[in-house]
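Respectively, the protein sequence lines represent chains H and C. So the first sequence is numbered by our numbering: it starts at 1 and just counts up by one. So the second sequence is numbered by our numbering: it starts at 1001 and just counts up by one.
Don't read these hints as lab results, they were simulated from the structure. Any given hint could be a false lead.
To be verified - Facing chain H, a subset of chain C residues (Cβ under 10 Å, in silico):
no., residue
1, Asn1094
2, Gly1170
3, Cys1188
4, Ala1192
5, Arg1195
6, Pro1201
7, Asp1222
All figures in this text were calculated on a predicted structure; none of them were measured in a lab. In this text, a Cβ means the ideal position worked out from N, Cα and C, and glycines have one as well.
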Amino acid sequence: MESCVAVIDCGGTNLASVVFAFERLGVEVYVTRDEEGLERASHVILPGVGVCDEAMRKLDEEGLVERVKNCGKPLLGICVGMQQLYGYSEEGEVDCLGIFEGESIKLSSHDKPVPHMGWNTLEVQKDSRLLAGIEGGHVYYVHSYYVPPDGYTVATSRYGMQHISAVVEQGAVCGCQFHPERSGVLGSRILRNFLSMGDEE
Amino acid sequence: MLKKRLIACLDVKDGKVVKGVKFRDHEVVGEILDLAKRYAATGCDELVFYDIAASPEGRGVGKDWVLKVAREIDIPFCVAGGLRSLDDAKRVLNAGADKISINSPALERPEMITELAKAFGVQCVVVGVDSYEEDGVYHVHQYTGDPEKSKRAHRETMSWLREAESRGAGEIVLNCMNRDGVREGYDCDQMALARDILSIPLIASGGAGKKEHFLEVLAHSDGALAAGVFHRGELSFPDLKGYLEGEGVAVRGVDS
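Please work from the sequences and hints to get the whole structure.
Written as structure tokens, this is what we have:
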């Protein structure tokens, strides 16, 4: 099936870079904030950059919370979008989608600058579809909140004393705390892997 | 482990990349997209595009090239120069920039830092600071893109850095004007002072002339920004990173 990617507009500022990253892979991609847009897609992206409570409020306003939760399609949350997959975020003390159990919390700044900004090592912890064929490398992070590694974690990064859940995956739902759309060749490999997730279903 | 960042700064004027000495006498060094693509492909970690004519003339950054860069480039980039309002910032971010950097407008109206951080998140708000040392004191200067308008801003650098952070800056680029374009090395003393008082990322700017300068300053900063040494081809990212790695600095390899 031809891939068709819906990027959900939660008011984040990286919509264009996510769209361009998929355009570079030669697939159809569009920004949407309604049910029809979700319906038509083969793959769905929660692209959040910005603030988690704002992003959840936007989703709620558009009546998309349940639709995204139950979209039944490969779903990738990026940065704040990954945090939205969980039950709760400390950022704005907001309930999120709750597809994954757990919560995102603030990075401690006592031993290092926050935000965590820049290229960090991706440490693959177990086999996953999103990281198929990827053994490691560097990915670009910009964030102040994170999810501690848990049962959904397939890759981590270390920042100061903290271990960060870098990639989570369960079934067709996955998330990257970093920005694959700005992580060079490795990032585009991850997005390609995401697109291939539709094929075997 | 988080890597030290090497950042190429492309000063943009009338749609071309230019480079001056001590902020004056600009010469054209190339096309925006050509340089950006070349740097991204050879291991540059991040790009900053500085519209140096925008701020002093009281106009915003022409946005056409932001979209073009965002389409083609797969590493992060920041846009600076003449962003005077939330709308200006939003246009640039929506066009695909990852961060915006404000300098003179933040000095005119410091509340703008907070407004930007609230609207877009602290992670995309960079405050650029042009600092000039006189008689052992660091002062902030503004409108530095235009020699006619460049002036001292009646603020000491360290207190402005503290204020910028407390108002919501997500990163500081500290440009040491005494060193800019003269290739004698970054101002490591000033960087060390700044690193000490800040708990957000700090990027050093001004003074890079050879690879040793990067090694020195990266002990005091999270990244180092340079323009001329890269534009003139005196240093390439693969060589520079190879050298830094050999000296024990954590950098991202060119192919990874």
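(message) For the restraint on C/Cys1188, tell me whether the closest CB of chain H is nearer than 10 Å.
(response) The hint is violated - C/Cys1188 has no Cβ within 10 Å of chain H, the shortest such distance being about 18 Å.
(message) Take the shortest C-beta to C-beta distance between C/Arg1195 and chain H; is it under 10 Å?
(response) holds, 9 Å
(request) Using Cβ atoms only, decide whether C/Gly1170 comes closer than 10 Å to chain H, and label the hint accordingly. (result) This hint holds: C/Gly1170 lies near chain H, its Cβ roughly 5 Å from the closest one there, short of 10 Å.
(request) Have a go at the C/Asp1222 hint: is there a Cβ in chain H nearer than 10 Å to its own Cβ? (result) holds, 6 Å
(request) Using Cβ atoms only, decide whether C/Ala1192 comes closer than 10 Å to chain H, and label the hint accordingly. (result) violated, 15 Å
(request) Mind checking the CB of C/Asn1094 against every CB in chain H and telling me if the closest is under 10 Å? (result) holds, 6 Å
(message) Does the closest beta carbon of chain H sit nearer than 10 Å to the beta carbon of C/Pro1201?
(response) holds, 5 Å
This entry does not satisfy hints 3 and 4, going by the numbered hints stated previously.
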